[in-house]
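Q: Chains as they are written, first to last, in the working numbering: chain A, 1 to 223; chain B, 1001 to 1412; chain C, 2001 to 2103; chain D, 3001 to 3186.
Hint data in this document are derived by calculation from the structure and do not stem from the laboratory.
Each residue gets a CB set at the ideal place from its N, CA and C atoms; glycine is no exception.
A portion of the hints provided could be inaccurate.
[As the list claims (entries may be wrong)] Under the rule of at most 30 Å between Cα atoms (straight-line distance), these lysine-lysine pairs were calculated in the DSSO-like manner:
| # | chain 1 | residue 1 | chain 2 | residue 2 |
| --- | --- | --- | --- | --- |
| 1 | A | K190 | A | K171 |
| 2 | B | K1102 | B | K1172 |
| 3 | A | K28 | B | K1070 |
| 4 | A | K203 | A | K185 |
| 5 | A | K208 | A | K185 |
| 6 | A | K44 | B | K1109 |
[What the hints assert, rightly or not] Coverage of chain A stretches by chain B, computed from C-beta distances (three or more under 8 Å per stretch; other residues unrestricted):
| # | segment |
| --- | --- |
| 7 | 47 to 60 |
| 8 | 186 to 192 |
| 9 | 195 to 208 |
Here's the letter readout for the chains.
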Amino acid sequence: MDQSSNIHRLPDPARAARWSLPGLGLFKGLVVTAQNMIQSYYRKERMTTVQYPEQRAPISPNFRNFPFLAYDGVDPVAGLRCTACSICEKECPPQCIYIVLDRDANGKSLKRPRIFDIDVSVCMNCGICSEVCPFDSIYMDGEYELSTDDRFDGLLFGLDRLAKSADYHMKLRPEQATEVAARRKAEEDKKLATQAAKEAKAKAEQAKKQQELPGQHEKGADV
Amino acid sequence: MILLAVSSGAPSLWAPEWLPRLPQRLVEMICQALGAPDWLVAIAGFIAAAATVVGVFLGGFALLSLIERKTLARIQNRIGPNRAGWFGILQPVADGIKMLTKEDIVPAKAEWLLHLAAPILIVVPSILALGVIPYGREWVPVRLELGLLFFFAVGTLTELAVFIAGWASGSKFPMLGAMRAISQMVSYELPLMISALGVIMVTGSLSLPAIVEHQGGFHLGFIPAWNLFSPWGLSAGIIFYIASIAEANRCPFDLPEGESEIVAGHMTEYSGFKYALFFMGEYLGLFAISGLGITLFLGGWQAPLPGLGFVPSWIWFFAKLVVVIMSYLWIRGTFPRVRIDQLMRFAWLCLLPMALLTLPAAGLWTILNRNDHNVLAWLITVPLLLIPWLILTAIYNRRLAPQTRTYTFADS
Amino acid sequence: MTPLALLLTLSSLLFTLGLLAVLTRRNAILILVGIELMLNAANINFIAFWRYGPPDPDLTGPLFVLFSIAIAAAEAAVGLAIILMVFRHTRSTDLNRLDSLHG
Amino acid sequence: MTPLLILSPLILLAALGAVWLARPVHAALLLALALALTAVFYLTIGADFIGLVQFMVYVGAIAVLIVFSLLITRPGDEAEELARRPRSLVTGLACTLPVLAVLLYSVSRSGTAESGAADSPAFTLEQLGTALFTTHVPAVMAVGVLLTAVMIGAALFARGAHASSVSRYASCVTEATIKPPTLSDP
């Protein structure tokens, strides 16, 4: 019995139609369209279309197209947040991401990608890469004018096209970017604080050790 | 009601009235100056007259294809085509170039001869029908004594052409579209013709110029004596209008080519120039049927108010044509497509009886008016038409009203 | 050959063709086609005699053609309705299959 | 005479096609062509009204009806039709050729009796109407009754079929109706 109260009921059309003036509904419809037509000439807010190449509708913050890589600061190489951890590469359902870790001459990881390619002809805009990224690096872009006449290289985005500054992210999706920036700042502060605390502790210990065993300075600091 | 025969000005011989016939005169004069024999002069003049009509309506077709898109766009709060030329005025040209440069595809299972014949058979009757309509006092391309019969006779050819188009394509959607189109056209042709019969009864002639001339003058000095402004004429005019929308395959009766259901109906397998011919035939048919409606019920080229006789008569005709065509566009922008059973039921159970009723009404009207019982004519014909109409609508409201919705689970 | 003779020959040939269609076709609708041809041949005769025959001030020829056309329309409508009913029963318009009495 | 000489071979060819062609739709379309050409012929000799009525009724109504019922019914097997054609043609010609002979013989006797009315005036619509509603009123009424009866008859045919198909559909539906599952308490 209670369930029926959940249904939103319209006025009974059968009863409404039975004794109405014949043709009244048609007339009402005609009036509506006539209003549309006449008001479209002087009420600008009615028009939903824009003259596209000259005007552009602002894109919604929720609009999501192909991914981009965020970097801090001004240098897209040094500031890149990506650490080439390859989580997004593994999670990507259509496997459109290709990452090669950058290593120095000794083969030691530099924690940044040497190659980061996204084949946007394969990408399906699912946003999983953005969700799984632990380094706040990959986000969905808002750019949509991507048509090209080169369907191979023109659709394979490398680091040069993918890397976009954090400011761009802030402009594109302020809410998300602010939150991310705040979190990163907090983490940074925390890290700094921990480091400072650690350093202070280490210094204190060192001082203590120096008091006890002056000869073992090198060893204690190394731990 | 006293019919005050206010003459709408003596037949003026000044230039604008003759303007549409100027090409014909010019060609005839040139031919005579060149010393051509009389029969050749006549034929050349006739070709010039035909070319005038065809040219005017092809221009109208191009313009209408643009205006229709702009109007529908405005009704839907869009802007519409505005890129090609000033306010998109060159859009029809762009469309035409696009159509002409497209590949002409004939499906493998099609019968190429019939497939080719169908678009031609669609266009020819429309142009033939345009030839008998009186556009102005002096501008009647072909004066036929049996003009109305000729109009309907060539109009029936469209059905066969639609069938040929659907069958010769050798494909399912065209076939379905053709079956829908034929059943719709056959059903709506009946009320269309019967509602025109009343006009013939009152006028006493099948000649379209005679029908227009019979509607000259004004009631009470200012109400034009058009057939529409009489009880039977209003009834027949409304029926004619609805049936003509269906005959022209326009929304809300555009089932034969309902895009969301059967692609493009009988035109599905056509491309390029042949498709453009279908499109053209449809619009020319629209012009023809609205022109006939204007001739029969809206006084043809007669001026709407006394004292306006100085305006060339064909301008009145085309002004009325613009109004009628715009009303078609308005209706297209407003109403959703009807279902096939609603369409058929409406034609046979509502339009046809009402159209048949206009015949006795028109007969009584003629007889009573001839004997100067004008008030009696109104008193008899208005209830004769109004009461059955009210009964019909009451029945319809009961039978076609949407059912009260019941919920299987929620209501139990 | 006078126009009248030509027209009568034409209508004879048309009538024969219609008869041939009625006799050789098996599809009931095509038999109806043959019947229409025969009716048309008869109409041509009426018009021919009205036009080229002795004077006919009463317009009997055209009037008869008018009635004939009306009757042809009625006949076609009823004939096709019956054919459709038969088709609904037997799923075929082949008249050779209509030899059983139980529907 | 000239239009007659041009039109009569065309009419005959179209009629021959209507009789000869194996594909039913082609035959029906050629029938429409033959009837339309006959209408054109009527127009050329001054029987305008008859020509237009012929065009409207035959091409606009009867041909469309025939074509439409060809669409609804299943077309027969063309190969079978062609295979049995020689046999049926022999029988058909054996029956029709005597008829043709008799007809042509009577034409050859009567065709000479022409009254030389080379340009008999075309009738006006008024004459036709007057004749129709004075001397031929009984015939008009009979045709009216006939057409009404035909209309009602065709409607009854259609209605009967509709009712039966609806009842068949309804029986299908009732057989297949799924009872709503009862809502069980959790």
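Q: Does each hint hold? Answer for all of them.
A: Hints, verified against the model:
no., hint, result
1, A:K190 - A:K171, "holds (26 Å)"
2, B:K1102 - B:K1172, "holds (23 Å)"
3, A:K28 - B:K1070, "holds (22 Å)"
4, A:K203 - A:K185, "holds (26 Å)"
5, A:K208 - A:K185, "violated (33 Å)"
6, A:K44 - B:K1109, "violated (51 Å)"
7, 47 to 60, "holds (count 4)"
8, 186 to 192, "violated (count 0)"
9, 195 to 208, "violated (count 0)"
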